[in-house]
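Participant: The lines below spell out each chain.
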Amino acid sequence: MTGDEVRAAIIDILNDIAPDEDISSISDDVKLRDQIDLDSMDFLDIVMELRKRFNVEVPEKDYGHLATMASCITYLQPLLKDRQFAR
Amino acid sequence: MEPRVSPEQRIVITGIGLTAPNGNNLKDFRESLLRGKSGVRKFETRYMGEVIAGVCDFDELKYQKKKELRRGTRAGSVSIYCAREAVADSGINWEAVDRSRVGVYLGVTEHGNVETENEVYNISQYNYDVKFWSHHHNPRTVANNPAGEVTLNMKVTGPHYTIGAACAAGNMGVIQGLQMLRLGEVDLALAGGVSESIHTFGIFASFNSEGALARHEDPTKASRPFDIKRNGIVCSEGGCIYTLERLPDAQKRGAKIYGEIVGYAINSDACDFILPEPVRQAECIRLALKKAGLEPGDIDILNAHATATRLGDIQECTALRAVFGGEKSVWINNTKSFIGHTMGAAGTLELSGNLPSFEDRWVHPTINLDELDPDCALENIVANEPKKVDRVDYIMNNSFGMFGINSVLIVKRFQA
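In order, the protein sequence lines correspond to chains A and B.
Residue 53 in this note's numbering sits at position 52 of the first sequence; the count goes up by one each step and never skips.
Residue 488 in this note's numbering sits at position 302 of the second sequence; the count goes up by one each step and never skips.
No wet-lab data here; the hints were simulated from the structure.
Model, not experiment: these values are computed from the prediction.
Hints may be right or wrong, so weigh each one.
Here are the computed lysine-lysine pairs in the DSSO-like style, where the Cα-Cα straight-line distance is at most 27 angstroms [stated by the list, open to error]:
| hint | chain 1 | residue 1 | chain 2 | residue 2 |
| --- | --- | --- | --- | --- |
| 1 | B | LYS415 | B | LYS442 |
| 2 | A | LYS62 | B | LYS317 |
| 3 | B | LYS341 | B | LYS476 |
| 4 | B | LYS253 | A | LYS53 |
| 5 | B | LYS251 | B | LYS341 |
| 6 | B | LYS253 | A | LYS32 |
| 7 | A | LYS53 | B | LYS251 |
| 8 | B | LYS476 | B | LYS514 |
| 9 | B | LYS213 | B | LYS253 |
| 10 | B | LYS251 | A | LYS32 |
| 11 | A | LYS53 | B | LYS213 |
| 12 | B | LYS514 | A | LYS53 |
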């Protein structure tokens, strides 16, 4: 996956987890939970969806890397580099 | 002779919110009952394929965001819809209500089977690896979930819980609300019952294994209480919640009053897991009459519990003959013939469908009663067509459930 594909994959997950929000307008460098209504259970949903969709395990000590879109991409791209993105 | 009770002990129904397989508000539900419109249809369920069920089609997004729906349960959605509809119907100024003095009391037949089955199916797609088991499972399956979702949605900070009482639960939610109002624990009760059981295959499969699941080529004719050709229960979802208030509070705000709860009773058969016991049912009915200070002949409409199982209907009819035998003015009907068995919702929902009779004096019928089973013979079953009667002052609702839990409510036409 390219960086753009990782971004698209995260947006797909956020669309499912926060279906009332406008995900398309989020900025990459602001904390996700400052832009959309996300709580700790939602972050666990992101972790679960990464597990289900891409067989990627995010350990609890790394949850901080999921704070912004930019940090998500930086953290996840190496883990997803061999995965195919399919909408 | 009715017992004298102080005004503060008189509990009245001031709002009704409901979803039934044939109506999503009291007006539409009542119209369906008077027009003979069933809400039973074919329904796909996991593992079993096509079954017959009563299915609700209320607008879940009327009071919930998509995210709430995703996180919560179907029972929670049914509860939120009914609670918000009840409050809207009551005309109460919700913004001015002290939410710490509101209690939410909901009867449920069971809760959590739907979500558990979904999660087991989910992990079956991942070779039963439990790391794919949802973190939402616990909040979705705790027994207070349906009532708890109401408190989150409506910002109620008073007490909330569910009352597990099999198919007697709907009446029990109302009884609990009444008792808490009389004790002064709350000033407004959101009380009733809900069921989402059709969303798990287990309830169908279990009734099927008991030989008690209704079958018919025409789903609308499958639920046939008292009929010689009845062959079992139609499982249905539904919900009904009342706003209950003490009479002086209701009068102070000029509330519309649907009726006053003047009698209730709960008892137990103490004899079998599933087979009902007519002697205890009759005792429960007599106890409710006694609390209300009424004689059997004072009841105008009796909404029977009968679920269209072969033996269950006979047992209830035996109990009714013991209490009401020879009474010519007690009109008997059954709502399950229209909507199937809405389980935890049944008591409150079925009572609701009869409350408009205080005003219009029409008794809705029991449909699909083509040939009365001689073992179910009773005076005055209103069969297939509604009946206009001279007076409706008292309505009785029976709801009985597994483990021999019996519940009876008596509502009186309101007179100040």
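Participant: Hint by hint, note whether the structure agrees.
Facilitator: Here is how each hint holds up against the structure:
| no. | hint | in the structure |
| --- | --- | --- |
| 1 | LYS415/B - LYS442/B | violated, 42 angstroms |
| 2 | LYS62/A - LYS317/B | holds, 17 angstroms |
| 3 | LYS341/B - LYS476/B | violated, 39 angstroms |
| 4 | LYS253/B - LYS53/A | holds, 20 angstroms |
| 5 | LYS251/B - LYS341/B | holds, 15 angstroms |
| 6 | LYS253/B - LYS32/A | holds, 20 angstroms |
| 7 | LYS53/A - LYS251/B | holds, 25 angstroms |
| 8 | LYS476/B - LYS514/B | holds, 20 angstroms |
| 9 | LYS213/B - LYS253/B | violated, 30 angstroms |
| 10 | LYS251/B - LYS32/A | holds, 23 angstroms |
| 11 | LYS53/A - LYS213/B | violated, 46 angstroms |
| 12 | LYS514/B - LYS53/A | violated, 65 angstroms |
This entry does not satisfy hints 1, 3, 9, 11 and 12, going by the numbered hints stated previously.
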